[in-house]
Structure formats: structure tokens, C-alpha cells
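Work the whole structure out from these sequences, hints included.
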Amino acid sequence: MRQLKHLIPTLLLLGLMPAVAHAQLHIVATLPALGQIAAAVAGEDGEVRVLARVGQDPHFVPPKPTLARHLADADLLVTAGLGLEAGWLPPLIELSRNSRIREGQPGYFAGADAVEILGIMEKVDRSMGDVHPEGNPHWWMDPLRGAAAALALARRLAALDPAHAQLYHQRAEAFSRRLQALVVQWKPRLEAVSPVVSYHDSYRYFSERFAIKVVGFIEPKPGVEPSTRHLDRLITLIGDQRVSQLWVEPYHLGRVVKRVATLSGALLVTMPDAVEGEGAEGYLAMIERLLESAAGRQ
Amino acid sequence: MILWFSLAACLLVSLFLPVLGQQILKRRVIFIDLALAQVAAVGYAVGMALDGNGMLYAAVITAVVVVLIALLPEQSDLPKEAVMGALYALAASLGMMALAMLPHAEGQMMELLFGSVLGVNESELIIMAVAGALALFMSKQRCGDHFLGRIVFYGALAIAVVPAIYAVGVILVFAMLVMPGLAVWRGGNNGPALHAVAVAAVASVCGLFFSSYFDYPPSSAVVVCMATTALLWRAIRNFRR
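From first to last, the protein sequence lines are chains A and B.
Note that the first sequence covers residues 1 to 298 in this note's numbering.
Note that the second sequence covers residues 1 to 241 in this note's numbering.
Quick caveat, the hints were computed from the structure, so don't treat them as lab data.
Glycine included, C-beta positions come from ideal geometry on N, C-alpha and C.
Incorrect hints may appear among the rest.
In silico EDC-like cross-links for lysine to aspartate or glutamate, where the CA-CA straight-line distance does not exceed 20 Å [to be verified]:
#1 A/Lys187 with A/Glu288
#2 A/Lys221 with B/Asp215
#3 A/Lys221 with A/Asp130
#4 A/Lys258 with B/Glu122
#5 A/Lys123 with A/Glu134
#6 A/Lys258 with A/Asp57
Computed spacing ranges between beta-carbons, pair by pair [what the hints assert, rightly or not]:
#7 A/Pro62 with B/Asp215: 28 to 36 Å
#8 B/Met96 with A/Gln185: 42 to 50 Å
#9 A/Arg102 with B/Met96: 57 to 65 Å
#10 B/Glu122 with A/Ser194: 27 to 35 Å
Counterexamples of contact, computed for chain B against chain A with all Cβ distances above 10 Å [to be verified]:
#11 Ile30
#12 Leu72
#13 Tyr88
#14 Arg142
#15 Gly187
#16 Asp215
Rendered as C-alpha cells:
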């Protein structure tokens with residue numbers, strides 16, 4: 001108890017002067033996997049907080065006061081970009097009253113700006129459902145794009161915190177080399193896998209990187225209930241093309257997918273867009289999980 | 001295959017939801033089905049949060065709420081519709097708070113509220129048939145305006161509506177409850193129940209074949225067909241009179 005008495009003033013002091021104690025950058029990432037990439041680059045020179053939780057739909061994150069508070073003292077905001085977070089992030093940035101992290105400021109980083117984008121649409125109208133006309137925003141599912149984003153993030157961090165520039169670059173390089181090695185190691189192993197069907201078009205970057213054919217979608221227009229005709233045709237297609245796996249985001253695992261899996265005989269595989277884990281290890285664990293599932297090892 | 005199962009599910013709910021809906025219209029408590037569905041979803045979420053059986057918790061909590069609603073007498077001076085609306089808002093908010101604690105259950109709770117006719121399987125068809133028959137039987141008892149009578153009435157609704165919403169979705173259930181009843185409503189009273197069932201069944205068949213042929217979402221197509229059928233029904237009857 002007496003020790004505790006001494007502890008409390010010490011803790012209070014520590015609480016009062018974190019800014020003096022650590023000259024750390026405050027980084028906020030919108031999604032868990034982006035937070036892991038950011039932590040891999042920032043290391044001990046940055047403190048990373050993540051707004052969405054593992055397993056949450058990145059399109060719909062319920063706003064909470066703590067999220068705006070995290071943003072209020074952020075030096076850098078890391079997003080996926082291409083409108084993925086457009087449904088919930090802009091009001092939170094507004095609420096945080098932090099002008100450093102507004103779009104266009106040095107404190108705003110969209111990974112999509114650093115990587116090659118697939119699925120850009122020339123003509124878009126509302127009848128196509130909840131699509132992203134600027135391109136498919138799920139780029140971090142491809143390890144090499146994850147590496148490219150990490151390198152770009154290192155350049156941005158170096159600009160914000162020149163004192164540690166060297167360290168940021170070194171960490172991003174090391175992270176990038178690990179991811180490249182992973183791709184070299186896995187690509188030949190996935191050559192013979194049969195085509196797959198996925199719920200939405202959210203695995204495009206991953207499947208194109210490893211040359212896996214995605215032949216159809218359960219919900220071709222995101223957010224619009226598919227028709228009976230579409231699903232009946234899809235079940236026939238799964239049989240004709242010998243589709244072995246049905247990939248589904250954890251937040252879309254519902255009755256319709258299970259029903260299609262039962263009727264078609266394809267294996268239902270949950271393909272997460274993030275797993276729990278710290279920094280580089282967490283991101284690599286997610287990619288390895290995807291690769292092992294795709295190779296048919298659950 | 002999916003088409004035939006969807007059609008079977010729609011025709012099955014056409015047999016009992018319009019009949020129960022007519023009683024809801026008579027008692028003017030139309031929000032009750034949304035409120036009960038929301039309460040069941042909260043029960044499900046709480047069950048998941050406590051690592052229990054979600055369905056069991058949903059059943060128990062819904063039963064408790066049915067008893068509480070039954071305490072409200074028919075001739076109460078409180079506007080009943082407002083009480084049901086308040087209950088709906090409260091249950092929805094409690095559900096959001098339960099979800100804030102467990103992000104992984106979000107999908108499961110939403111699934112309970114926004115089921116889809118596309119996912120119906122054999123066992124769900126059987127469960128709905130049994131629940132619907134039981135609810136019809138209960139609602140045909142003399143549910144007078146006393147505590148026990150109201151428990152039987154609201155209990156019948158909960159038994160029919162909660163599994164139906166899980167199987168075919170809240171919008172379709174809501175439409176099935178009120179639209180056929182409105183179509184045959186005449187002179188301030190309910191019309192023949194058989195006519196209401198016929199409106200729902202015709203709309204189910206038209207809607208599903210329309211959806212399949214023109215590639216539209218099935219539940220929305222059935223609801224739009226039901227509105228059209230209901231309006232036509234009223235127009236023809238007015239014309240003949």
C-alpha cells in the first residue's frame with residue numbers, strides 16, 4: 001500500500017509529460033491490416049492506433065467518441081483510399097478538428113495512391129450497386145502492394161520526422177523483402193488450384209497476384225440482393241468449371257452463402273482481410289492464412 | 001433450385017402472415033412485429049455475448065417482453081402504436097450497445113433481422129410451417145381483452161414472426177402482414193381472411209417469377225407485386241360495387 005502511494009504521483013507525472021518523454025509520432029490507421037503495415041514501418045518511433053477492429057466490415061465502422069479522440073491527436077492518418085472508408089471516416093475527421101490529417105495534407109496518407117489500382121470503371125451508375133468507380137480499394141490483400149505501400153509510407157514518415165528517416169526506410173525495406181520472399185515461395189504452389197467464386201470482388205488483388213481464377217460472385221452488385229436466376233446459374237457454373245472454393249469475407253458469412261455452398265458442394269472458406277497480430281507479423285500472418293486457405297489447407 | 005425453395009418459402013408465409021396481420025390491423029399495433037423482431041435479435045446478441053445459445057436467449061427474452069406488452073390493456077389511454085415504436089427504438093439501441101462489445105456478432109445479429117428468402121433450406125421450411133400452424137391455432141382462440149388473452153395473441157405473433165423474419169427478411173414479413181389485410185379491408189373492418197391469403201399468394205408467385213425472369217432482387221419484387229395486387233384488388237372491388 002505504501003508503495004502504491006509513491007506510485008500514484010509518479011504515474012501522474014508520467015501521464016502529464018508523454019510528449020517530453022517520447023518524441024513518438026501518433027499514427028492512426030483506419031483498418032487493422034493498415035495499422036500493421038504502419039507499425040512495421042514506424043517501429044518504436046511511432047505509436048499506432050487502429051479505428052476498425054479485426055472482423056469488422058471496412059465499409060461500415062460504427063462511429064464512437066473514442067475514434068474521434070484518437071484522430072484528434074494524430075500526426076498521420078493511414079487509410080486505404082478510393083472511397084473505401086467514405087461512409088464513416090470524413091465525419092470523424094471533421095469531428096476531430098485536426099486539420100493536419102485532412103485529405104491533401106501531409107498528415108493524410110492513402111495507400112491506394114502508392115500502388116497500381118485495378119478495376120477502374122469508365123461508366124458508373126447507381127444501378128451497379130455500392131461499387132467504387134475510382135477502382136477496387138482492397139489493395140492490401142496483395143502482399144506486393146502491401147510492400148509498395150510500406151515503402152511509400154516510409155517516405156511520408158521520413159518527411160514528417162526527418163530525425164528517424166533512416167530507420168523508417170530500413171524497416172520498410174526489410175518488410176518489403178519478407179513479402180517478396182513470400183510471393184516467390186508461394187506462387188508456384190498455387191499454380192494448379194481450381195477456380196474460385198467469391199462473395200464480392202474484394203480478393204481481386206490477391207487472386208491476380210497468384211494467378212487464381214475468380215469465375216463469379218455471389219452478390220455481383222454489392223449491397224443488392226442477387227436474383228434467384230443469378231444464384232441458380234452460379235450453382236451450375238460452380239459444377240461446370242469445377243470450382244472448389246467459395247471465398248467469403250468474415251462479415252458476409254450468412255445464410256445465402258451457406259445455402260449456395262450446400263447446393264453446389266463447393267467448400268466455404270472464410271478469407272479474412274485482417275487477423276490479430278502486431279505489426280509485420282500480423283500482416284504476414286494474414287497473407288499466409290489466405291495463401292494456406294487458397295492452397296486448400298485450412 | 002434456389003427459385004423453388006424461395007417460392008415455397010413465400011407461399012408458406014402467405015398462408016399465415018396475412019391472417020395474423022388482419023388481427024394486428026384490428027388491434028392497431030402494427031409496430032409490434034418490428035419490435036418483437038428487434039427484441040429477439042437483442043436476445044440473440046446477448047446470448048452470443050455470454051457465450052450461450054443465441055436462439056435460447058432470443059426465445060426467453062422475447063417471451064419476457066411478450067408478457068410485459070400483455071400488461072398493456074386494449075383500452076389503455078396510452079397510444080399503443082407509440083408504445084410499440086418506443087419498444088422498437090429501445091431494443092434497437094440496446095442491440096447496438098451489445099454489438100459494440102462484440103464486433104464479430106454483428107453479422108449474426110443482422111442475419112437474424114435481415115434474413116433473405118434466397119437462403120431458405122429444408123429445415124427452415126419445416127420450422128416455419130410448424131410455427132405458422134401453431135400461431136394460427138393460438139390466434140383462433142378467443143383472445144379477449146384480458147391478460148391471458150393478450151399473452152396468447154402476442155405470443156402467437158412472436159412464434160410466427162421471429163422465425164419468418166430470420167428466414168425471409170423483415171421487409172417481406174412486414175409487407176405480408178399488412179398489405180393483404182389492407183387490400184381486403186372494407187368499411188372499417190377486416191375483409192375475408194381467405195382473400196388476404198389469396199392476394200399474398202398471387203403476389204409471391206408473380207414476384208418470384210418476375211425476379212427470376214428479369215434478374216431482380218426477389219424479396220423486393222414480391223413486395224412490389226404485392227402492392228400492385230393489393231391496389232388492383234381494391235380497384236376491381238370498388239368498380240364492381
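Status of each hint after checking the structure:
1. A/Lys187 with A/Glu288: Holds, because 12 Å separates the two Cα atoms, which is no more than 20 Å.
2. A/Lys221 with B/Asp215: 12 Å, holds
3. A/Lys221 with A/Asp130: Roughly 7 Å separates the two Cα atoms, so the pair holds.
4. A/Lys258 with B/Glu122: The given pair, whose Cα atoms are some 13 Å apart, holds under the 20 Å limit.
5. A/Lys123 with A/Glu134: 10 Å, holds
6. A/Lys258 with A/Asp57: 19 Å, holds
7. A/Pro62 with B/Asp215: 28 to 36 Å: 33 Å, holds
8. B/Met96 with A/Gln185: 42 to 50 Å: 44 Å, holds
9. A/Arg102 with B/Met96: 57 to 65 Å: 29 Å, violated
10. B/Glu122 with A/Ser194: 27 to 35 Å: Distance hint for B/Glu122, A/Ser194 holds at roughly 28 Å.
11. Ile30: It holds; B/Ile30 is separated from chain A by about 24 Å at its closest Cβ, greater than 10 Å.
12. Leu72: 32 Å, holds
13. Tyr88: Non-interface label on B/Tyr88 holds, nearest chain A Cβ at 19 Å vs cutoff 10 Å.
14. Arg142: Check passes; 38 Å lies beyond 10 Å.
15. Gly187: Given that every Cβ of chain A is farther than 10 Å from that of B/Gly187, nearest at about 38 Å, it holds.
16. Asp215: The assertion about B/Asp215 is violated, with a minimum of 5 Å to chain A.
Hints 9 and 16 from the earlier list are contradicted by this structure; the remaining hints agree with it.
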